[in-house]
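*Asks:* With the sequences and hints as input, model every part of the structure.
Chains as they are written, first to last, in my numbering: chain A, 9 to 171; chain B, 7 to 431; chain C, 150 to 355.
Worth flagging that the hints you see were computed from the coordinates, not collected in a lab. Because the structure is a prediction, the values reported are computed rather than measured. From the three backbone atoms N, C-alpha and C, an ideal C-beta is built for every residue, glycine too. There's no promise every hint is true.
Derived DEER-like restraints, expressed as beta-carbon distance ranges [to be verified]:
#1 B:Thr339 x A:Pro52: 37 to 45 Å
#2 A:Asp65 x B:Gly419: 41 to 49 Å
#3 A:Leu160 x B:Gly429: 49 to 57 Å
Subject to a maximum C-alpha distance of 30 Å in a straight line, what follows is the list of computed BS3-like cross-link-like pairs (lysine-lysine) [said to hold, decoys possible]:
#4 C:Lys255 x B:Lys293
#5 B:Lys217 x B:Lys66
#6 B:Lys66 x B:Lys267
#7 B:Lys100 x C:Lys287
#8 B:Lys288 x B:Lys66
#9 C:Lys323 x C:Lys255
#10 B:Lys53 x B:Lys401
#11 B:Lys401 x B:Lys216
#12 C:Lys255 x C:Lys286
#13 B:Lys288 x C:Lys255
#14 B:Lys304 x B:Lys288
#15 C:Lys323 x B:Lys66
#16 C:Lys323 x B:Lys53
#17 B:Lys293 x C:Lys286
#18 B:Lys217 x B:Lys401
#19 B:Lys267 x B:Lys217
#20 B:Lys66 x B:Lys53
#21 B:Lys100 x B:Lys267
#22 B:Lys304 x B:Lys293
#23 B:Lys288 x C:Lys323
#24 C:Lys255 x C:Lys287
#25 B:Lys293 x B:Lys216
#26 B:Lys100 x C:Lys255
#27 B:Lys267 x B:Lys53
#28 C:Lys255 x B:Lys53
#29 B:Lys53 x C:Lys287
#30 C:Lys287 x B:Lys66
Reference listing, derived: stretches of chain A covered by chain B, where coverage requires no fewer than 3 residues with Cβ under 8 Å from a Cβ of chain B [said to hold, decoys possible]:
#31 32-44
#32 108-119
#33 147-159
If you want the building blocks of each chain, they are given just below.
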Amino acid sequence: MEHNESKEYDEQKITLIGIYVALLGLVTLAFGIVDILVWAGVRPGIEVGILAIAGDDFFRWAWGGFIMICAGLFMLAGSTRVATLQQSAKVILGGVLVWLIAGTDIFARLCATIPADEASPAFFNSFSGFIAAFAPPYTPAVLLFPFTLGILYLIRIHDTDDS
Amino acid sequence: MAKGRHVNLSGAVMAVEGADAMVFSSDARWEMVDAITRETVTYGTYKYTLGDVLGDLTVKPLTGIPVAFAALYAFWSVFTSFAGALVTDGFMVKFFDGFWLPWMQSVWPDPASWHYFLFVGNPAADTCFEAFGMLTSGLFVSIGVVLPAVFVFYLMMTLLEDSGYLPRLAVLMDSVLHRIGLHGYAIVPIILGLGCNVPAVTATRILETKKQRFIMMTLLALFIPCGAQLGIMMSVLPDLVGIVMLCLIVGFCIFGFILNKVIPGENPEILVDVPPYHWPVKEYVAKKLWNRTMGFLKEAVPFVLFGILVVNLLYLGGVIQGLANLLEPVFVTWFGVPKETVGPLIAAFLRKDLAIAQLSTIPMTTYQMVASVVLVTIYFPCVATFVVMLREGWKELIAAIAVLFVVVFIYGGIIHGIGILLGVA
Amino acid sequence: MTEGKAEKNIDLPEGGTIVLMLGNPNVGKSALFNRMTGANAVVSNYPGTTVDFMSGTFIESGHIYTIIDVPGTYSLEPRDAAEEVAVRMLRDHPDATVMVVLDATKTDRGLYVALEVMERGMPCIVAVNMMDAAHEKKITVDIAALQRLLGVPVVSTTATSGEGVRNLAEMLRKAQVADIGAIAERLHGEGQARESVRGCDGCGGC
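*Replies:* This is the structure in structure tokens:
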């Protein structure tokens, strides 16, 4: 944390990628808060367009929402002077958390759609049924996933000088 | 060989003449080490890399704790998706309940006979949980439910171990674990114990003092459910896993705290050596996963089958009914669970996963289910754990068992008390 | 390095040599052990993975070696039960050859145990493991100089990829008792002591 006390008025403070990271962080943070609110019963599940927050399960929505909040905060904390190693690391860590949640969401869906429906006599799902299961709506983390790929750029700039 | 030769290395060497070796003081040795490294090792200009910074972030509490929560989340999520949704519910339940059980029931002769009872179980059962025969429930529990759980658990655990995250978790947990007489490194036996208590008991050797090892072993035997048990809990009572785990974690902390106060001895501070992160080597992960899973198959599957055999024989001989009547006052008035849970408690000595499978078929209220599952978990280590604990020292084992009985009695009562207060018991 | 097999009990084949692997925790002893014997010791990235010993055999140029992988230790004054196992093994096999395994990124800590072993007058060989990690961290270890100073064979290895393991197996027969007094003299006399090591050939650099 010792690098947090960076000079507030540093000219390099705000960069284009910094703005991108800050926006991403804000959205992630908001999603995390909504996850928890829906779980807590403020509204019984939200579905807007291709976004769905079921909020039916403590583990997925309260715990998972908490992680999204942390991810958002990490990104926000790292968004100023983002090109420095210390700050980039925070953003990358935030990205990794979002990837973890998105990854487990996708994995869960994959696992649930390989076998056939409980009622049907077959063991494996049909191919069309398998593909159809990946149609929207998606969870917030999965939706965010493509937008977080910009973080790979941060990893790249710090990894290349380490041959 | 340096027989009786005096050496003077910057005046710090104390050369002690021995029969055929020379003994230095540790200062002198360090001085030699310094001299040698000065001659042979050169340090280039090292740049702090991204990996190092990320490594630091995962041990600092402010960022490290959320990461630990996320790691736990991913662990459990993958565990339930793979073992629960995909393998067990997706394929195994369908196969065992839809094909295997009806086939066994139709093929095995004479549903009224004792051998039908032993091997196939209840002729009217629709599911492999209810049947409780060696070849129906036994195979279903060990291969259909527990094997996928253990497999995916070991995969995740191996990744945690090989990446180097485990020692960082140790650093994070250090201050918490000091409260209960342990230190950060106790996280290693705890995590191993979530897979299987057997290697976990051996792993307590990395703790320094007798006190620490005793506390750790007792807590492992009491409050840490193994992977097989987690797998079966997730499968038969998915909604209650959270509350059961909460009971166990609270018990772990309370009794750890008490044991720390009661047992004399020290709890020294340690310096955890944190290795750098690296990508797990594929072949190592595969090899380790294979060994551990095979180890499970070789040891656990026969035990599950044997356990069902023993329990069924005891039922046939009327022993369990007798014990149930005898222990009824304790179970019903003190723990608040039905007397039928005596049977699973006996099975729990052989395999805990089996005991929970058996519990799930007894009609009970939610409170009774939670209480009996917690009791099964804490009441006695399974045979395999018992044997390794014996190997680590019989005195400690006896003391641990004494503690265990006291704790089961007290904690069982506490849970019942809370249940009464909440109006659910 | 063929015909490797591992077992829990140590029964020494006729005319074989016992090799004890010793070194700090998490320097890759078990990984080296697996590489040499084809065994399945558990390897992880945290100190304290090995808490019990394991033995395995391999044959190199017709000679049978029984390697014992022991828990890592920072010194020969045991600090916990796992380190006790290591020290006990050393005591129980006084005739064994000791293979001291160092982490190339932390040579100093490993050398401390190495010196302790050498003081006991046991034949030694030193494996400087994790050369890949050292390379990444821009640390170089002068193997030849180390060998000259210590007077025992020193081999650089990378257990994860298997580099240098073959060489290590071949060099095992050249393991010898270190003359701790001479080491001190060589250090004291800095460059002046350039006497070549007895019976050492084919390693280059000395």
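*Asks:* Now tell me, hint by hint, if it's right for this structure.
*Replies:* Hints versus structure:
1. B:Thr339 x A:Pro52: 37 to 45 Å: Holds, at about 42 Å.
2. A:Asp65 x B:Gly419: 41 to 49 Å: violated, 32 Å
3. A:Leu160 x B:Gly429: 49 to 57 Å: holds, 54 Å
4. C:Lys255 x B:Lys293: holds, 28 Å
5. B:Lys217 x B:Lys66: Given pair B:Lys217, B:Lys66 holds - Cα atoms ~29 Å apart, limit 30 Å.
6. B:Lys66 x B:Lys267: At roughly 29 Å apart (the allowed maximum being 30 Å), B:Lys267 and B:Lys66 satisfy the hint.
7. B:Lys100 x C:Lys287: violated, 57 Å
8. B:Lys288 x B:Lys66: Satisfied, since the Cα-Cα distance of roughly 29 Å is no more than 30 Å.
9. C:Lys323 x C:Lys255: holds, 25 Å
10. B:Lys53 x B:Lys401: violated, 52 Å
11. B:Lys401 x B:Lys216: Since the Cα atoms of B:Lys401 and B:Lys216 sit roughly 12 Å apart, the hinted pair holds (cutoff 30 Å).
12. C:Lys255 x C:Lys286: holds, 11 Å
13. B:Lys288 x C:Lys255: Holds, at about 25 Å.
14. B:Lys304 x B:Lys288: Holds - the C-alpha atoms of B:Lys288 and B:Lys304 are around 24 Å apart, at most 30 Å.
15. C:Lys323 x B:Lys66: violated, 47 Å
16. C:Lys323 x B:Lys53: violated, 38 Å
17. B:Lys293 x C:Lys286: holds, 28 Å
18. B:Lys217 x B:Lys401: holds, 13 Å
19. B:Lys267 x B:Lys217: Holds. B:Lys267 to B:Lys217 sits at ~11 Å (cutoff 30 Å).
20. B:Lys66 x B:Lys53: holds, 21 Å
21. B:Lys100 x B:Lys267: Violated: B:Lys100 and B:Lys267 sit about 51 Å apart, past 30 Å.
22. B:Lys304 x B:Lys293: holds, 16 Å
23. B:Lys288 x C:Lys323: violated, 34 Å
24. C:Lys255 x C:Lys287: Given pair C:Lys255, C:Lys287 holds - Cα atoms ~13 Å apart, limit 30 Å.
25. B:Lys293 x B:Lys216: violated, 33 Å
26. B:Lys100 x C:Lys255: This hinted pair is violated, its Cα atoms lying about 55 Å apart.
27. B:Lys267 x B:Lys53: violated, 46 Å
28. C:Lys255 x B:Lys53: holds, 17 Å
29. B:Lys53 x C:Lys287: holds, 9 Å
30. C:Lys287 x B:Lys66: Measuring from Cα to Cα gives roughly 26 Å; hence the hint holds.
31. 32-44: violated (count 0)
32. 108-119: holds (count 8)
33. 147-159: violated (count 0)
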